[in-house]
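Novice: Chain by chain, the residues run as shown.
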Amino acid sequence: MRWLEKGRLRLRSLFRRRRVEQELNEELRFHLDQMVEEHIGKGKSPAEAHQAALRELGGVDQFKEECRDARGIGFIETALRDLRYGARMLIKNPGFTVVVALTLAVGIASTSSIFSVVDAIMLRPLPAKDPDQLVWFQGGQGYDINMSHPDYLDLCRQAASFSAIVASQSQDIRIDIAGQTKIIRGELVSDNYFSALGIPAALGRTFEAGGDWSGYPAPPVIISHGLWQRRFGRDPGIIGKEAVFDGRKTVVTGVAPPWFSRFRVGMATELWLPLTAWKSAAKLRDRQYRLRFDLLGRLRPGIGKEQARAEVNAIAQRLSNAFPSTHKDIKFSLQKEAELRRTILIFVSLMMCGVGLVLLVCCANISGMMLARAEARQRETAIRLALGAGRRRLIRQLLTENLLLSAIGGGVGLLFTSWLIRLESVLMPAGQVVMRFDIRVDARVLVFTIAITVLSALITGLAPALAASRTDLVSILKKDRGGANDGRFWFGARSALLAGQVAVSLILVVGAGMFLKSLTVSESIDPGFDTKRDLMSVAVLPAEGGVFPYQSFFLPVAERIRALPGVRNVACAIDVGVGNGGTLEAVIPGVEPPSGKRSFTLGYNAVDANYFRTVGARILRGRSFEAGDEGIESRSVIINRKVAAWFWPASDPIGRHIVVGKRNYQVVGLVEDARNLRDIHNPPAPCIYIPFSHLSGGALIVETAGAPMALAGAVKGAILSVDEDATIVSIVSMEERLKMALWADRFLGLLVGALACIGIFLTAVGLYGVVAYIMQRRTQEIGVRLAMGAGRRDVIRFGLRHGLKFALIGIPFGLGGAAVATGMLSHVLYGVNALDPAIFLEACALVLGVTLLAGYIPARRASRIDPTIALRRE
Amino acid sequence: MGKPSDLVQGTLDLLILKSIALEPMHGWGIAQRIRLASKDVLQVNQGALYPALHRLEQNGWIRAKWGESENNRKAKYYSLTAAGRKYLKEEEDNWNRLSVAIGLVLQSCKGGSL
Chain A
1 MRWLEKGRLR LRSLFRRRRV EQELNEELRF HLDQMVEEHI GKGKSPAEAH
51 QAALRELGGV DQFKEECRDA RGIGFIETAL RDLRYGARML IKNPGFTVVV
101 ALTLAVGIAS TSSIFSVVDA IMLRPLPAKD PDQLVWFQGG QGYDINMSHP
151 DYLDLCRQAA SFSAIVASQS QDIRIDIAGQ TKIIRGELVS DNYFSALGIP
201 AALGRTFEAG GDWSGYPAPP VIISHGLWQR RFGRDPGIIG KEAVFDGRKT
251 VVTGVAPPWF SRFRVGMATE LWLPLTAWKS AAKLRDRQYR LRFDLLGRLR
301 PGIGKEQARA EVNAIAQRLS NAFPSTHKDI KFSLQKEAEL RRTILIFVSL
351 MMCGVGLVLL VCCANISGMM LARAEARQRE TAIRLALGAG RRRLIRQLLT
401 ENLLLSAIGG GVGLLFTSWL IRLESVLMPA GQVVMRFDIR VDARVLVFTI
451 AITVLSALIT GLAPALAASR TDLVSILKKD RGGANDGRFW FGARSALLAG
501 QVAVSLILVV GAGMFLKSLT VSESIDPGFD TKRDLMSVAV LPAEGGVFPY
551 QSFFLPVAER IRALPGVRNV ACAIDVGVGN GGTLEAVIPG VEPPSGKRSF
601 TLGYNAVDAN YFRTVGARIL RGRSFEAGDE GIESRSVIIN RKVAAWFWPA
651 SDPIGRHIVV GKRNYQVVGL VEDARNLRDI HNPPAPCIYI PFSHLSGGAL
701 IVETAGAPMA LAGAVKGAIL SVDEDATIVS IVSMEERLKM ALWADRFLGL
751 LVGALACIGI FLTAVGLYGV VAYIMQRRTQ EIGVRLAMGA GRRDVIRFGL
801 RHGLKFALIG IPFGLGGAAV ATGMLSHVLY GVNALDPAIF LEACALVLGV
851 TLLAGYIPAR RASRIDPTIA LRRE
Chain B
1001 MGKPSDLVQG TLDLLILKSI ALEPMHGWGI AQRIRLASKD VLQVNQGALY
1051 PALHRLEQNG WIRAKWGESE NNRKAKYYSL TAAGRKYLKE EEDNWNRLSV
1101 AIGLVLQSCK GGSL
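Residue numbers (this note's numbering), protein chains in the order written: chain A, 1 to 874; chain B, 1001 to 1114.
Honestly, the hints are just simulated from the structure, not real lab data.
Accuracy of the hints is not assured; some may be wrong.
[What the hints assert, rightly or not] Label pairs and their in silico Cβ distance ranges:
hint: 1; chain 1: A; residue 1: Leu-83; chain 2: B; residue 2: Leu-1106; range: 48 to 58 Å
hint: 2; chain 1: A; residue 1: Asp-130; chain 2: B; residue 2: Ala-1082; range: 51 to 61 Å
hint: 3; chain 1: B; residue 1: Ile-1102; chain 2: A; residue 2: Arg-29; range: 14 to 24 Å
hint: 4; chain 1: B; residue 1: Gly-1010; chain 2: A; residue 2: Gly-43; range: 51 to 61 Å
hint: 5; chain 1: B; residue 1: Glu-1070; chain 2: A; residue 2: Leu-57; range: 17 to 27 Å
hint: 6; chain 1: A; residue 1: Arg-29; chain 2: B; residue 2: Gln-1107; range: 19 to 29 Å
hint: 7; chain 1: A; residue 1: Arg-81; chain 2: B; residue 2: Gln-1107; range: 46 to 56 Å
hint: 8; chain 1: A; residue 1: Arg-29; chain 2: B; residue 2: Ala-1082; range: 23 to 33 Å
hint: 9; chain 1: B; residue 1: Gln-1107; chain 2: A; residue 2: Ile-40; range: 27 to 37 Å
hint: 10; chain 1: B; residue 1: Glu-1070; chain 2: A; residue 2: Gly-43; range: 40 to 50 Å
hint: 11; chain 1: B; residue 1: Leu-1022; chain 2: A; residue 2: Leu-458; range: 30 to 40 Å
hint: 12; chain 1: A; residue 1: Ala-386; chain 2: B; residue 2: Gly-1010; range: 50 to 60 Å
This one's a predicted model, so the numbers in the text were calculated from it and none came from an experiment.
Ideal placement from N, C-alpha and C gives every residue a C-beta, glycine not left out.
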């Protein structure tokens, strides 16, 4: 109870200060009146009594102050007073305030915006219920699993380790926006998709598990929040309305919440269709009709990943035994979603380090300015100390001022952050495939921003505050303005900061140089096909899953596409380059496999006769595929250089044999190595090219005259005219895919480059300030020199020498730091030596040049002084 | 009247608490009571009194309430809280023990040598 009373009193003292003061006055008034009465009682006149009482009462204010202290809220009161004082000081020096606040804002904004990316990728919980239970299914070739719908249903029914398994297949959907056909990303999903993942609809309903669509006039569709905004103008009556997608009527039954775009980090989905409503029921019952699924399972509580994996593979084995003709061995492995994100961590940590450095440079700059200002306020500080202000009080007041300044900088920085975030999404590769993280300023980012604001306030303010409180009173008050040795402490501190800034800038510039060179080298990687051509890859799955989709599907489709105006060439392959990274086992007659294994593991691609011609790959020996090689009975194979070098280094590979499964192929040609576009930094792997007809499924490679994507709609139409149930997984131009492959390099290069520019700019500004300051202090000395006959150039050299001094101290540290930094970056850089001397030297030259320039300008200005004016100045 | 003795803060608290133990009183009245009870030896200066009162209030040992004085003026009356009563008893006991101890020391050292 005591605490309650005390608290209430404290609050009252704080918020009703005037009332409390008034009460004290009344109390004292009463006391005074009593004293007067007493004096009157002793025989004095009222006037005399009053005077005597006043005299007795004495100085009221002092013990009023004591009363105030006794009330125990002194801390808060002084803090408020400090704030008010600090605000007044800041308003009085608007230039200083603006510069510091902006500098800090830049530093804080860049740090916060990168943190928001970290937040979006790493820290924010996954947009599903109990995400820990969710695991991805991985097949032999990554996350795409070729599976028919009946297989999927069997899996769901038989897998007891999972409470639910959801399936989704990506689908490019055509929509009309303002008369233009655009392609957006859609997903065909199982009925339980939203319910199993625990994602509610923002508007309307999600799909019900069970999939009875008979009540709907058209297939139901759930649209993304973004699509609702952009295409439907946030129409509140959208539920139940009809919309046309991919030329088919649908009815909108729900809008997804704004934070949900797709479960897999990165790609943004715009609409979801139930698989069973979109595809014909007959096709879905056919076990030969395979779809490319993403499978996500929710483990039952208590079930481990390994246990589930064993069960799932057992089921796969059963299916393979039951349907041997169509089911190859599907092997699953499971990976938790959380583990996926960890791989992006390295990438993002780099970014954090970079911006952290920039923030340090900002702080150093600000510290320098604070030190300069503290020195200018020495007289004021000295007087306050002389009048009895405690050291701690002074430090507290200076820090409060600092905090206020930082708060302003932080607030502006937050504003910048939200702009920067918008910019970031622009920098992400545009085009059909949009990588979009849901980056925004949420509570965590806000807390982070506040934290670094306070931290920078302390970093920048503590040293100057401590230094200021140690002012030597006597010499300051005596106005002792000496020559060069005055204020040596201040100067030393600023110099140290500046040298540090030079060092940090050097590190950033070296980093930027490294990334830019890495990018340049990466861009010149030869992917194995002619990048100057206008190529487009179209990934499809035919409706007929039979053994010869080539004859019945790909051939006629290729014909139709070739007939389109603007198309130069059409080829069929699994993918451009080395396929999609799949491998097969091959036996090479005459060559021993490595110990412990019975065969060699080779990469492969299945291509038709047009392939090499279409993509512009170079045949080095022998020939390409011809019409006779395309049939199912053909046994021709083309190998790449890696394979030839591996197995037949000394002799001609043409005519040699490679045995895959039951087929004995014969090498007819040798082609240049190509790279896997999904992993372009890795050197090319050994790869063989078998006839396209030997495998089912694949893609079409279209060479066009002119921009390929303009023909996307026509191509899609051509495909659907052959088989309207065909699934078009994606249509992407090769240019876009190359851009995607190098996206990370480009982004990092740009980012570190920007940071380096900011760092150098701030350092230059800091250096300019310090040299200007030196020149100003030594005005007298300069005047004397000029009067004595020194040339202007000598003065300039004098100023430059100071600038150079900082650079010379900072550069060695910077080089050391840069060497350490690039050492840590070595596995992210491509084609660049971590200690590349050229880059280090160039960086040094750049930093040196900038520092000299920054020093030159004020030095030149000082050299223009009229000696007589300089001498007269005190 | 002789020069008023200086009072240590803790002792002043004790006196204030004691003087309002029986009946609430305003600041002026407390000073009067102490003066009268000590036969004019202890004259509490208002510069010491009011800060002490505010401190005691802040610590929760006394409670303040506005009321009317004998001559119908508005005055702030202080009274003991339960916690204050307990604190008073403790401090009184401490003081008594202290004064007895000091007395013993003074007596035993009367002889001069130790």
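Novice: Can you let me know if the beta-carbon spacing of Ala-386/A and Gly-1010/B is within 50 to 60 Å?
Specialist: violated (34 Å)
Novice: Assuming the hint says 48 to 58 Å, is it satisfied by the Cβ distance from Leu-83/A to Leu-1106/B or not?
Specialist: holds (55 Å)
Novice: Taking the Cβ atom of Glu-1070/B and the Cβ atom of Gly-43/A, is their distance within the range 40 to 50 Å?
Specialist: For Glu-1070/B and Gly-43/A the Cβ distance comes to about 21 Å; the hint is violated.
Novice: CB of Arg-81/A to CB of Gln-1107/B, is that within 46 to 56 Å?
Specialist: The hinted range 46 to 56 Å holds for Arg-81/A and Gln-1107/B, with Cβ atoms some 54 Å apart.
Novice: Using the C-beta atoms of Asp-130/A and Ala-1082/B, is the stated range 51 to 61 Å upheld?
Specialist: holds (54 Å)
Novice: For the pair Ile-1102/B and Arg-29/A, does the Cβ-Cβ distance stay inside 14 to 24 Å?
Specialist: violated (41 Å)
Novice: Looking only at beta-carbon atoms, does the pair Arg-29/A, Ala-1082/B fall within the given range of 23 to 33 Å?
Specialist: holds (31 Å)
Novice: Against the range 19 to 29 Å, how does the distance between the Cβ atoms of Arg-29/A and Gln-1107/B compare: consistent or not?
Specialist: With Cβ atoms ~49 Å apart, the hint is violated.
Novice: Indicate whether the distance between the beta carbons of Leu-1022/B and Leu-458/A respects the range 30 to 40 Å.
Specialist: violated (55 Å)
Novice: Can you let me know if the beta-carbon spacing of Gly-1010/B and Gly-43/A is within 51 to 61 Å?
Specialist: violated (38 Å)
Novice: With 17 to 27 Å as the target window, see if Glu-1070/B and Leu-57/A comply at their CB atoms.
Specialist: With Cβ atoms ~21 Å apart, the hint holds.
Novice: Kindly confirm whether 27 to 37 Å is satisfied by the beta carbon distance between Gln-1107/B and Ile-40/A.
Specialist: violated (48 Å)
Checked against the numbered hints above, the structure violates hints 3, 4, 6, 9, 10, 11, 12; every other hint is satisfied.
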